[in-house]
Amino acid sequence: MLKASEAVAGVRAEVDKLAERVSALEVAVDGGTRVSDKEFLMSTELLMRQLLKLDGIEAEGEAKIQRKAEVEYLCC
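Numbering follows full-length UniProt numbering, in which position 40 of the sequence shown is assigned residue number 40; successive positions increment by one, without gaps.
Treat the hints loosely; a few may be bogus.
Stated by the list, open to error - Capping the alpha-carbon separation at 25 angstroms, the derived lysine-lysine pairs in BS3-like fashion look like this:
{"#": "1", "residue 1": "Lys68", "residue 2": "Lys3"}
{"#": "2", "residue 1": "Lys53", "residue 2": "Lys38"}
{"#": "3", "residue 1": "Lys53", "residue 2": "Lys64"}
{"#": "4", "residue 1": "Lys38", "residue 2": "Lys17"}
{"#": "5", "residue 1": "Lys53", "residue 2": "Lys3"}
{"#": "6", "residue 1": "Lys64", "residue 2": "Lys3"}
{"#": "7", "residue 1": "Lys68", "residue 2": "Lys17"}
{"#": "8", "residue 1": "Lys68", "residue 2": "Lys53"}
{"#": "9", "residue 1": "Lys53", "residue 2": "Lys17"}
{"#": "10", "residue 1": "Lys68", "residue 2": "Lys38"}
{"#": "11", "residue 1": "Lys17", "residue 2": "Lys3"}
Since the hints were made in silico from the structure, they are not lab data.
Work the whole structure out from these sequences, hints included.
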């Protein structure tokens with residue numbers, strides 16, 4: 001179960017980095033800066049990969065709750 005919690009924590013760290021990237025894109029667009037579609041596609045793809053990693057983690061108990069919370073964060 002510790003391994004599952006560590007895996008979820010690793011995904012969470014990666015998602016946090018990607019969230020910063022998405023926020024920077026959002027600020028740029030809101031400020032009138034043109035951002036290439038490639039940047040949006042890349043960010044979407046990287047977030048989807050993290051979602052797939054979460055899907056592949058078998059967890060029970062607390063780790064399962066952590067995984068579910070991370071999936072909800074990614075999807076909302």
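Results for each hint:
1. This hinted pair checks out: Lys68 and Lys3 have alpha carbons roughly 16 angstroms apart, not beyond 25 angstroms.
2. Note on Lys53 and Lys38: the hinted pairing holds, with a Cα-Cα distance of about 22 angstroms set against a maximum of 25 angstroms.
3. A hinted pair counts as satisfied when its Cα atoms are at most 25 angstroms apart, and Lys53 with Lys64 qualifies at roughly 14 angstroms.
4. Between Lys38 and Lys17 the CA atoms are separated by roughly 18 angstroms; this keeps the pair inside 25 angstroms, and the hint holds.
5. About 14 angstroms separates the Cα atoms of Lys53 and Lys3, which keeps this hinted pair within 25 angstroms; it holds.
6. Restraint check for Lys64 and Lys3: satisfied, since their Cα atoms lie roughly 12 angstroms apart, inside the 25 angstroms limit.
7. Taking the CA atoms of Lys68 and Lys17, the gap is about 19 angstroms. The hint holds against a cut of 25 angstroms.
8. Of the pairs offered as hints, the one joining Lys68 and Lys53 holds, with about 12 angstroms between alpha carbons and a cut-off of 25 angstroms not exceeded.
9. Distance check on the hinted pair: Lys53 and Lys17 sit about 16 angstroms apart at the alpha-carbon level, within 25 angstroms; holds.
10. For the hint pairing Lys68 with Lys38, the CA-to-CA distance comes to about 29 angstroms; that exceeds 25 angstroms, so the pair is violated.
11. Proximity of Lys17 to Lys3 is assessed by CA-CA distance (about 22 angstroms); at most 25 angstroms being required, the pair is judged to hold.
The structure fails to meet hint 10 from the earlier list, while all remaining hints are met.
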